[in-house]
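So the sequences go chain by chain: L and A. With numbering that gives the first Met the number 0, the residue at position 39 of the first sequence is 38, and numbering never jumps. With numbering that gives the first Met the number 0, the residue at position 274 of the second sequence is 273, and numbering never jumps.
If you are wondering where the hints come from, they were derived from the structure by calculation, not from laboratory data. It is possible that some hints are incorrect.
FRET-style restraints, in silico, Cβ to Cβ [to be verified]:
hint, chain 1, residue 1, chain 2, residue 2, range
1, A, His86, L, Glu220, 22 to 30 Å
2, L, Tyr252, A, Arg46, 47 to 55 Å
3, L, Arg154, A, Ser325, 51 to 59 Å
4, L, Asn117, A, Arg70, 53 to 61 Å
5, A, Thr315, L, Tyr108, 35 to 43 Å
Now the stretches of chain A that chain L is said to cover, found in silico as 3 or more residues with beta-carbon under 8 Å [said to hold, decoys possible]:
hint, stretch
6, 115-121
7, 149-155
Even glycine gets a Cβ: it sits at the ideal position worked out from N, Cα and C.
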Amino acid sequence: MSIETLLSGQNRDGGWPYVRGGSWTEPTVYAVLALTASGETQAAARGVRWIHTTARRDGGWAPYAGVEQSTWVTALVTLLPVGLVGKSSHAGGIEWLLGTTGKESTGLYRLREWMLGNARPAELEFPGWPWFPGTAAWVGPTSLAILALEKENRRKPSRRIAERIEEGRRFLLRRPCRQGGWNHGSVQDLAYDSRPYPETTGMALAALRGVHSPVVDRALEVAGGFLGECHSADALNWLRLGLIAHGNLAAGYCPPEVPCRTLSESSLDLLVAEEQKGRSLFWG
Amino acid sequence: MRRTHGTSGFGITRREWLAASAAAATLTGCAGPAVPPEVPAQVSIVRATEYDQGLYDTVRRTIDEHRLDVRGRRVVVKPNLVEFEPHNVINTHPLLVHAVCEAFRSMGAASVQIAEGPGHRRNTLDLAEAAGYFKTVPRFEEVFVDLNLDDVSRVRPSRRFSRLEELYLPNTVMGADLLVSVPKMKTHHWVGATLSMKNLFGVVPGGVYGWPKNVLHWSGIDECIADLDALCPRRFAIVDGIVGMEGNGPILGAPKAAGVLVAGRDPVAVDATCCRVMRIDPARIKYLRLACGERGSRLPEGEVHQIGEQIRSVATPFALAPEFQSIRLT
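Required output: the full structure, derived from the provided sequences and hints.
Here it is as structure tokens:
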């Protein structure tokens with residue numbers, strides 16, 4: 000996949016669609032990161048201008064123009080270099096992330112459960128992040144939020160951020176599938192063990208960079224197995240990133256030829272290739 | 000690259016239709032044009048025991064019985080795609096979906112698209128490929144829309160059952176002249192049975208709400224099914240009961256051959272009939288009770304005009320999880 004694909008896929012408004020149609024925040028963030036890495040600064044700047052149209056007053060970001068709600072994509076926007084998105088916008092995004100948890104971790108919900116006499120399951124002890132406010136925390140948005148906060152904590156260390164990262168990581172460490180790795184975040188299904196997915200296993204491993212744990216070790220084995228049998232560009236992108244995070248991707252590894260189905264996948268493919276070369280846009 | 004918006008079949012462009020619908024929804028609090036009640040509810044049960052070439056003729060004859068006029072209209076076919084397991088019975092069989100598409104094309108539909116937005120997996124096209132859709136449906140990528148990533152519009156249910164005041168829904172679905180729900184006949188570990196109405200969870204965009212679409216769970220699953228039923232009024236249903244799923248559905252259950260297709264315009268009547276085939280009491284399925292009566296929909300067996308096979312001749316008890324024994328039809 001090439002930078003030309005991204006340039007030709009840019010909408011007139013400056014953003015990118017997932018496949019075709021209107022601009023969405025997620026593909027636009029990944030495209031901006033990939034173009035920035037390639038020195039295509041003009042197209043990236045137009046992308047950033049579009050992203051600003053989805054900014055919300057609460058500091059978060061909407062996934063699509065016209066959606067009046069800050070969501071999980073706020074983590075993605077805060078992954079952008081501060082110099083691109085602007086200091087106050089970036090700070091607003093970080094604050095939004097720090098103030099957001101899954102609904103099951105809110106004081107009101109805990110009080111309700113306590114009053115009903117419901118025991119609190121171990122996997123709910125630590126707060127993760129939801130896809131959409133007012134709902135539960137899941138593996139995907141929690142992993143992305145940790146990536147964003149980790150990047151911010153490297154840029155500008157903060158105890159508050161470090162503590163929230165730690166909570167999020169503990170959330171992930173409590174949610175692996177029995178066979179190792181992660182799915183969307185549901186460990187059991189009517190007493191049956193749920194199976195892990197390659198893409199969420201890769202995402203969680205990326206978020207657990209630097210963490211040593213039997214859960215991580217088992218997940219790395221699972222991810223290695225997925226890498227050899229997977230035919231999804233999205234899954235391969237995240238698996239590669241997750242394995243790179245732990246130094247477990249073989250030097251010179253070349254992914255199999257699989258089609259990128261969306262512009263997000265194309266951009267991520269380019270970004271992960273940069274990570275393989277040692278140029279980090281996720282942790283740098 | 001932008002999607003080309005065709006005409007809706009009502010003499011206006013798709014873009015005009017969407018704009019007019021949005022304006023009407025704002026003014027009246029109601030999404031989409033009203034449709035006249037269908038009296039009586041007609042449901043057909045057709046024997047089909049194999050996923051083979053004979054299915055094309057069976058599906059065409061089944062749809063013909065319902066006298067749908069889709070000439071010049073835009074048809075969107077919504078299968079149930081859940082997981083990457085081609086040898087399991089989680090997903091609607093691609094041959095059935097292709098047969099449905101071919102039937103509507105041969106009936107003169109202006110366009111027939113396949114559209115789905117899985118609830119757990121983000122890589123929808125990869126999932127469709129693993130489920131056999133690329134091999135079965137020619138030029139699949141050209142006719143397929145990932146509803147998780149489609150452009151969306153805000154809509155407000157005309158009749159609210161859940162706490163949701165509004166939803167963002169895909170333009171492909173809201174602009175369809177006919178939405179054809181083609182689910183797998185399965186038991187469901189939360190709502191008892193997942194059929195043509197529960198299949199509408201797949202129209203809620205993951206790009207906005209995430210994977211899973213957890214906002215629907217927190218707002219009440221049964222109530223949200225009824226909301227979506229109200230939001231998508233122009234529908235037809237063909238349920239894949241050739242081989243369904245029993246036990247811990249909709250993902251971890253076991254295959255169960257019922258050897259039937261169940262079809263009709265009234266989703267409540269179709270799903271209630273499926274329940275009776277599965278030996279589940281439809282009156283104990285909450286979302287069916289909620290939606291019963293909406294747009295003239297029918298739940299009681301005596302109010303459904305049954306054609307084709309009789310329920311008793313095809314009844315196939317689906318195993319139920321211990322938690323759901325109380326919904327067994329006695």
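Hint check results:
1. Remark: the range hint 22 to 30 Å for His86 of chain A to Glu220 of chain L is upheld by a beta-carbon distance near 25 Å.
2. Taken as a hint, the range 47 to 55 Å holds for the pair Tyr252 of chain L and Arg46 of chain A, whose Cβ atoms sit roughly 52 Å apart.
3. The beta-carbon spacing between Arg154 of chain L and Ser325 of chain A, approximately 57 Å, falls within the hinted interval of 51 to 59 Å.
4. Between Asn117 of chain L and Arg70 of chain A, the C-beta spacing of about 56 Å keeps the proposed range 53 to 61 Å intact.
5. At about 41 Å, the beta-carbon gap between Thr315 of chain A and Tyr108 of chain L stays in the expected band of 35 to 43 Å.
6. Interface restraint, the stretch 115-121 of chain A with chain L: holds (3 residues with C-beta to C-beta distance below 8 Å; minimum three).
7. Look at the stretch 149-155 of chain A against chain L: 5 of its residues bring a Cβ nearer than 8 Å to a Cβ of that chain, three or more, so the hint holds.
Comparing the model with each numbered hint stated earlier shows that all of them hold.
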